[in-house]
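There are 2 protein chains.
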Amino acid sequence: MKKALFTIALAFFAVTGFAQQALFSRNVVKSPEINADNTVTFRLHAPKAITVQLTGDCVDGVVSMKEDSLGVWSYTTAKLEPELYSYSFIVNGMRIPDPSNIYQNRDVATWTNIFIVSAQKGDKGDLYSVNKVPHGNLSKVWYDSPTLKLTRRMTVYTPAGYETGKNYPVLYLLHGAGGDENAWSELGRAAQILDNLIATGKAKPMIVVMTNGNPNTAAAPGEWDFGMYQPSMGGGGVQMPQAAASMDESFMDVVNFIEKNYKVAKNKANRAICGLSMGGGHSFAISKRFPTTFDYVGLFSAAISVGQWGDRTPLLDRMNTNAEYNKEMAALFGAKPKLYWIAIGKTDFLYQQNADLRKWLDSKGYPYTYRETDGGHIWRNWRIYLSEFAQMIFK
Amino acid sequence: MKKALFTIALAFFAVTGFAQQALFSRNVVKSPEINADNTVTFRLHAPKAITVQLTGDCVDGVVSMKEDSLGVWSYTTAKLEPELYSYSFIVNGMRIPDPSNIYQNRDVATWTNIFIVSAQKGDKGDLYSVNKVPHGNLSKVWYDSPTLKLTRRMTVYTPAGYETGKNYPVLYLLHGAGGDENAWSELGRAAQILDNLIATGKAKPMIVVMTNGNPNTAAAPGEWDFGMYQPSMGGGGVQMPQAAASMDESFMDVVNFIEKNYKVAKNKANRAICGLSMGGGHSFAISKRFPTTFDYVGLFSAAISVGQWGDRTPLLDRMNTNAEYNKEMAALFGAKPKLYWIAIGKTDFLYQQNADLRKWLDSKGYPYTYRETDGGHIWRNWRIYLSEFAQMIFK
Chain A
10 MKKALFTIAL
20 AFFAVTGFAQ
30 QALFSRNVVK
40 SPEINADNTV
50 TFRLHAPKAI
60 TVQLTGDCVD
70 GVVSMKEDSL
80 GVWSYTTAKL
90 EPELYSYSFI
100 VNGMRIPDPS
110 NIYQNRDVAT
120 WTNIFIVSAQ
130 KGDKGDLYSV
140 NKVPHGNLSK
150 VWYDSPTLKL
160 TRRMTVYTPA
170 GYETGKNYPV
180 LYLLHGAGGD
190 ENAWSELGRA
200 AQILDNLIAT
210 GKAKPMIVVM
220 TNGNPNTAAA
230 PGEWDFGMYQ
240 PSMGGGGVQM
250 PQAAASMDES
260 FMDVVNFIEK
270 NYKVAKNKAN
280 RAICGLSMGG
290 GHSFAISKRF
300 PTTFDYVGLF
310 SAAISVGQWG
320 DRTPLLDRMN
330 TNAEYNKEMA
340 ALFGAKPKLY
350 WIAIGKTDFL
360 YQQNADLRKW
370 LDSKGYPYTY
380 RETDGGHIWR
390 NWRIYLSEFA
400 QMIFK
Chain B
10 MKKALFTIAL
20 AFFAVTGFAQ
30 QALFSRNVVK
40 SPEINADNTV
50 TFRLHAPKAI
60 TVQLTGDCVD
70 GVVSMKEDSL
80 GVWSYTTAKL
90 EPELYSYSFI
100 VNGMRIPDPS
110 NIYQNRDVAT
120 WTNIFIVSAQ
130 KGDKGDLYSV
140 NKVPHGNLSK
150 VWYDSPTLKL
160 TRRMTVYTPA
170 GYETGKNYPV
180 LYLLHGAGGD
190 ENAWSELGRA
200 AQILDNLIAT
210 GKAKPMIVVM
220 TNGNPNTAAA
230 PGEWDFGMYQ
240 PSMGGGGVQM
250 PQAAASMDES
260 FMDVVNFIEK
270 NYKVAKNKAN
280 RAICGLSMGG
290 GHSFAISKRF
300 PTTFDYVGLF
310 SAAISVGQWG
320 DRTPLLDRMN
330 TNAEYNKEMA
340 ALFGAKPKLY
350 WIAIGKTDFL
360 YQQNADLRKW
370 LDSKGYPYTY
380 RETDGGHIWR
390 NWRIYLSEFA
400 QMIFK
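Residue numbers (the working numbering), protein chains in the order written: chain A, 10 to 404; chain B, 10 to 404.
So here's chain A without its partners, still in its complex pose (with noise of 0.2 angstroms):
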């Protein structure tokens, strides 16, 4: 087959049109360039252009970059620590990607760059990265929720060595306000972490269930028969549909339908839940209102919800006094979890919700581990957050 690719390329230089022109216009410099000492030197061919500026959490806030005799304009960074990075370019004061770079990633309505930075095996960069190591599957799966009305999607990871193994333990994995059963795989580098974590024997070959968290509509955006809508965090003009229940009450049809359809042990020491944000707030909720099902609970970052919508007594107030509240959690601590994590920056706005939780569940006695990082609400706390959690369970 060679020559026949070699056929090819040929004439698709030799031809016009809309689809070579675009395969080949726009690749002309390398960009990003991560240099030996890990700083990393972004360019962008732009001749016209009056201003070209960098921007991402790999550079503070909004830099200048450079032009060269040719059109060329770059900037290079400070050394990096390990990390997964985002940016995006800013020219003429409009925020564009960098066009020699096919990485991305959607978070909610916005698409950036991406860019990895390792310095060594075993550092956060390397835990995000695909490595030499054996792979699992990531299906997207369609599931009936008969709580939601709904056919869903959810995205299930099955580890390396399924199809031989059996009685796997399950990680139920769910995403914030604004995502969807895509973001825990592309913007949480769930797949990278668990298989780097399994590979090295850190955690057990598990399943992770990455569900859609928002029970009024049945997949990400565009993958379901609602259309190709414009997402966003504060309903962006878009008529959603309204949900038939929430997600804390329609939890058990994913549960019920993975322990049907997959190869897992079914019963407590074999579930974990966890949850970053909105996604926090529902392992928080389903870790009460079923609490014998699972051993393991992650709040990262969570958005705690107890009593009424609209109900504005303080957190801790309400902690006291709701009596259901207080019979649900009484339940789950009593059923012994072997693991109650609550995981922080020290700089997000959801930080005192937190620290009222510790300070509820210090006074009542239940037995919780905490985890206090550097920084806010953000995908870079909840990758080590999942990472840190992922080896606590099932052990």
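Note that these hints are calculated values from the structure, not bench results.
Keep in mind it's a predicted model, so treat the numbers as computed, not measured.
Some hints could be false.
Where chains are identical, the list cannot tell them apart; a pair therefore holds if satisfied intra-copy or between any two copies.
Unchecked claim - The calculated DSS-like cross-link candidates involving lysine-lysine, where the alpha carbons are at most 27 angstroms apart (straight line), are:
id: 1; residue 1: Lys269; residue 2: Lys213
id: 2; residue 1: Lys297; residue 2: Lys373
id: 3; residue 1: Lys141; residue 2: Lys269
id: 4; residue 1: Lys158; residue 2: Lys141
id: 5; residue 1: Lys75; residue 2: Lys57
id: 6; residue 1: Lys272; residue 2: Lys175
id: 7; residue 1: Lys130; residue 2: Lys158
Following the hints, position chain B against chain A.
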């Protein structure tokens, strides 16, 4: 959880930082807007731009957009026929994506925005859309290829109801040069086409296996341990590994894995193979190398190779004189495949190769079916060919 969602949304608006800016700064206009008469309006808020243009297969080449007093540039197309369209904006000479449209697909190293126009049930736009029908699952599956000495990734579509079904037929669906195991599901809308054809009874429920046809790589760019390289048709400065064998030499590794791990009918009547361009060439080569394996063969704009690489003898002469080719084709047609289907566009640069193949088949009296469309070497044609081929097989 409604309260938690509300709290988070408010908090996001209140705080500052890169992630939050990125989430909220770019989604102020609706674009594209598919109007009731199937004209389509594009909009871009770019008050500082000097020129804004639109390019794509929904307009004739490049057209100028017009600015209003608020700095919103817009353009409305003529009425569009049902189809999946691609487009980009060009701002001051630089191609950028539409920031109001999260829907994009990648062809080699280029991302372009997409949208779908449909006028009625059953037209092409409808066939490529996610409709209210049962959906199959789409899985990224790792398999062992002893012949290529690689653990490799493929995309597997299992039809709705697979959990409880059995004895499915299998369509092996191969991509072209520059593509990978994601091409058919993303650019080709394979899952939507199959979902819709199966739901309306026009195609049999089948498994569709979309392999990676580059025998020197394990998976799509960024999905294997070669790092986050920038793909290109011509090499692009990246020194890729050497392949241990060709795709046709190694293809039974794929078939063996599928037949071991999926609920399939393991006979010729339940195997089909087809592909586009290089993948059409692969289908041509694999079907004659394994002449009793597939009852259905589809060549879509196929890049046909006979004999050694670098042989500049005209194709028809090689077909007439190459003994191995003649022996393999005699074995293939001696086994009486139910369908040998050749499809190509009138202006495809591979038209003559396929005309030569037809001439040679005619001279031998080997039966085939020929389908000629307008247009050239483009995904618009390959989606049509998949839609038609899928309706002719396993019946």
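- Have a look at Lys75 and Lys57 and pick one of within, between, both or neither, based on CA distance no larger than 27 angstroms. Intra 13 angstroms, inter 20 angstroms, cutoff 27 angstroms: intra and inter.
- Message: Please sort Lys272 with Lys175 into within, between, both or neither, judging by C-alpha distance up to 27 angstroms.
- Response: Close inside one copy (5 angstroms) and across copies (18 angstroms); limit 27 angstroms.
- Same-copy or cross-copy closeness of Lys269 to Lys213 [CA-CA at most 27 angstroms]: both (21 angstroms within a copy, 26 angstroms between copies)
- Could you figure out if Lys297 and Lys373 sit no more than 27 angstroms apart (CA to CA) within one copy, between two copies, both or neither? Within one copy only: 15 angstroms inside a chain, 73 angstroms across chains, cut-off 27 angstroms.
- Have a look at Lys141 and Lys269 and pick one of within, between, both or neither, based on CA distance no larger than 27 angstroms. between (32 angstroms within a copy, 25 angstroms between copies)
- Query: Taking 27 angstroms as the upper bound on the Cα-Cα distance, should Lys158 and Lys141 be classified as within, between, both, or neither?
  - Reply: Between. Shortest inter-copy distance 13 angstroms satisfies the 27 angstroms Cα cut-off; intra-copy 42 angstroms does not.
- With 27 angstroms as the alpha-carbon cut-off, assign the pair Lys130 and Lys158 to within, between, both or neither. So Lys130 and Lys158 pass the 27 angstroms test across copies only (24 angstroms; inside, 46 angstroms).
Going down the numbered hints, you'll see the structure goes against none, and every one checks out.
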